[in-house]
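Residue numbers (the numbering used here), protein chains in the order written: chain A, 12 to 445; chain B, 72 to 335.
Don't take every hint at face value.
What the hints assert, rightly or not - Below, simulated SDA-like cross-link-like pairs (lysine to any residue); rule was C-alpha separation at most 20 Å, straight line:
#1 B:K109 / A:T133
#2 A:K121 / A:P138
#3 A:K209 / B:K125
#4 B:K115 / B:D181
#5 A:K121 / A:V85
#6 B:K132 / A:M70
#7 B:K208 / A:I288
#8 B:K194 / B:D181
#9 A:K53 / B:K208
#10 A:K140 / B:Y198
#11 A:K389 / A:V416
#12 B:K109 / A:V416
#13 A:K121 / B:K125
#14 A:K13 / A:K151
#15 A:K63 / B:D105
#16 A:K209 / A:D38
#17 A:K151 / A:V49
#18 A:K418 / A:R429
These are computed hints drawn from the structure, not numbers from a lab. Source: prediction; values computed, not measured.
In case you want the letters, here they are:
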Amino acid sequence: MKGIGKALARTPFAVTSKIGMSKKSSDPEFDDYHRHFVSLEKAAEALIKDTKTYTDAVMTLFMSGANFAGHFAVIFQPIAGEYDLIGKHPDAAHTIRNITKYETALQEMKELITPEVELIETRILGPAKELQAVMKTIRKTITKREHKLTDYDRFNNSLTKLRDKKDKSLSDEKNLFKLEQDFEIATNEYEYINNALKQDFPRFMMLVTQFIDPLFDSFFYMQLNIYYLLLEKMNSFADECKYDISNTPGAQIVQDYESKRTDAWSLIENLGIVKRIISVSRLVQQSRAQGLGRQPSASTTASTSGLKAVTPPARSVSSASSYKGPPPPTSSLSQAAPPPPYSAGSSVGSATSAAAAKRAPPPPPPLKPKPKPTPQVKYVVALYDFAAQTDGDLSFNAGDRIELVEKTESAEDWWTGRLNGAQGVFPGNYVQET
Amino acid sequence: MSWAGFKKSVNRAGTTLLQKTGQIERTVDREFADEEAKYRIFEKECQALQKDSKAYWDAMKAMTSAQSRIAETLETFYGAADRSSEGAMAGHAYKRSVDDLDTTFSRELDVPFRTTISEPLGKMCAYYPVINEHITKRNKKLLDYDSARSKLRKLIDKPSEDPTKLPRAQQEHDECKEMFDMLNDQLIAELPQLLDLRVPYFDPSFEAMIRMQAKFAEEGYEKLSGVQRYFADNVRDDYAAGQLDAQVEGILQEMRELSICGGN
């Protein structure tokens with residue numbers, strides 16, 4: 012009740028001083044300290060907020076780092092029924108071998124980081140919050156001072172007004188006496204609190220600086236420790252798994268990445284299932300058109316269908332639409348194809364079977380005719396990897412340019428070519444004429 | 072939905088119901104089911120990967136920018152005292168190094184992260200809706216096929232008066248089968264290919280990720296540890312011995328005892 016009474020008594024003055032009708036006194040010295048104090052208040056708040064953001068970010072970093080590693084590991088491990096990923100993808104063997112170690116390393120990191128973050132919470136965030144609490148009590152004192160100042164000004168104003176009044180009535184005289192008393196009390200109270208603040212402020216400011224020094228030092232070492240932890244774990248992982256993590260510019264990482272990027276990108280892009288279906292009936296028409304185009308090649312429909320890119324009657328395919336007809340299933344291919352020589356197809360070496368699984372290359376043609384020399388130099392580009400199956404075969408990788416020495420009428424045949432100084436025969440349907 | 076589409080979905084709903092009650096035989100395609108199950112795992116993992124990689128990246132950024140802001144706040148605190156004090160000098164050095172870290176980070180790692188992690192993942196994840204559309208289409212065509220087949224069987228078992236009915240049913244059955252086979256064969260052929268290609272597709276990202284993580288740690292550590300030069304010699308040991316915490320506590324206590332804090 013007392014508080015409400017006081018607030019009511021102060022309101023008229025607050026209004027009149029705002030609109031400039033009554034004088035408000037100010038103390039420049041105090042105002043200076045006060046400004047400073049306000050900036051410290053804001054700083055404390057910002058410190059608490061940013062420290063929280065920081066710890067949250069650190070936690071998320073390590074959490075999602077571990078999760079990332081976990082999911083990456085799943086992707087690089089056989090999924091339900093798959094087997095021998097390393098055999099199928101020798102290029103990725105390094106990754107496949109080390110992915111589990113990576114997962115463990117990041118998992119360990121995540122566990123190591125928790126105490127560090129707790130340290131920040133108790134040793135930095137805690138004290139910072141206490142500082143804020145201290146500041147709140149000071150803020151209370153400041154508010155009290157404001158009130159006392161209002162009282163002081165209020166009585167001061169009334170007193171001056173009454174004193175300046177020419178003819179004072181009896182009650183005015185009485186009031187004057189009362190006001191003088193009130194004014195004296197208000198003055199004393201205000202002076203007391205104002206002086207206390209002015210006296211303690213410099214001391215407080217100094218303490219704040221002393222406070223922030225060790226706090227900052229601790230915080231610094233905690234941050235440094237987090238980076239150190241990360242660095243050390245990464246180093247030991249890289250050491251163990253033979254990764255070169257010497258500090259290189261970011262552009263170098265991009266460059267190395269680009270150079271390692273395989274044709275998997277374009278192969279995926281070329282899959283039929285990643286293209287939008289516009290109309291199923293149109294697809295059916297297309298596949299029929301392709302089927303018709305292949306009819307002349309008689310009984311080998313199944314095997315030729317895999318060579319969409321190689322089969323001559325491509326006109327019907329390209330004219331139908333930009334949509335690439337669906338390649339036939341690998342399974343039906345290996346079933347329906349005539350048994351290839353050397354029992355190639357499914358059970359050659361792991362490398363070829365990998366290539367077979369990867370790109371479903373057509374089976375090599377059944378017969379090897381004797382090579383006949385031809386004069387003109389022509390090049391063909393390899394569409395698939397081909398590994399030599401016997402002496403006299405020409406091995407190559409997809410994309411290689413092979414000098415064509417001898418070719419026959421049919422692509423379903425063994426052609427002769429030269430690559431890197433070696434000459435040998437290869438299946439004609441593995442290449443595309445330039 | 073178009074009228075034709077509506078009719079189709081009503082018919083299919085009927086087929087599903089009849090299948091549930093056992094009136095129409097349902098085609099069981101183990102081969103497809105297996106491939107789809109594997110694909111689903113892959114899809115889920117990839118999406119999780121995308122989410123986590125984004126969180127990881129954002130956290131890295133949040134870390135450095137929070138440090139930058141903390142450094143700024145420290146300057147305010149030191150502004151209270153003279154700027155040439157040892158602490159203020161260290162604070163200033165700290166600010167310089169975390170600002171440096173913040174800019175290096177975005178300058179050096181922004182593009183690599185996007186090229187090596189976000190883009191491949193984003194591209195892969197963008198394929199899923201399309202593939203799922205193929206699967207949905209296939210499932211719908213399977214229903215059509217099942218229903219057409221059961222109609223045909225009934226007609227064969229119980230020949231109708233109308234002689235044109237059987238050939239028509241036969242033709243419908245063939246068409247449905249063709250559509251379904253086409254979609255189904257494509258999925259069965261290409262889903263394993265897609266799954267298999269994931270390895271070479273994501274392989275280079277792994278090394279890039281490791282290198283970026285290492286780079287982040289190394290830059291952070293190197294830049295920050297340089298600040299130590301500005302510290303008094305005993306600070307490191309004091310920190311290790313927990314002295315600094317005691318100092319902080321002591322000063323807080325002193326503050327509380329100030330008369331303006333009501334400590335009197």
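Against the structure, the hints:
no.: 1; hint: B:K109 / A:T133; in the structure: violated (46 Å)
no.: 2; hint: A:K121 / A:P138; in the structure: violated (26 Å)
no.: 3; hint: A:K209 / B:K125; in the structure: violated (52 Å)
no.: 4; hint: B:K115 / B:D181; in the structure: violated (26 Å)
no.: 5; hint: A:K121 / A:V85; in the structure: holds (19 Å)
no.: 6; hint: B:K132 / A:M70; in the structure: holds (13 Å)
no.: 7; hint: B:K208 / A:I288; in the structure: holds (9 Å)
no.: 8; hint: B:K194 / B:D181; in the structure: holds (18 Å)
no.: 9; hint: A:K53 / B:K208; in the structure: violated (60 Å)
no.: 10; hint: A:K140 / B:Y198; in the structure: violated (49 Å)
no.: 11; hint: A:K389 / A:V416; in the structure: holds (7 Å)
no.: 12; hint: B:K109 / A:V416; in the structure: violated (45 Å)
no.: 13; hint: A:K121 / B:K125; in the structure: holds (17 Å)
no.: 14; hint: A:K13 / A:K151; in the structure: holds (17 Å)
no.: 15; hint: A:K63 / B:D105; in the structure: violated (47 Å)
no.: 16; hint: A:K209 / A:D38; in the structure: holds (10 Å)
no.: 17; hint: A:K151 / A:V49; in the structure: holds (13 Å)
no.: 18; hint: A:K418 / A:R429; in the structure: holds (12 Å)
In the structure shown, a violation is registered for the earlier hints numbered 1, 2, 3, 4, 9, 10, 12, 15, in ascending order.
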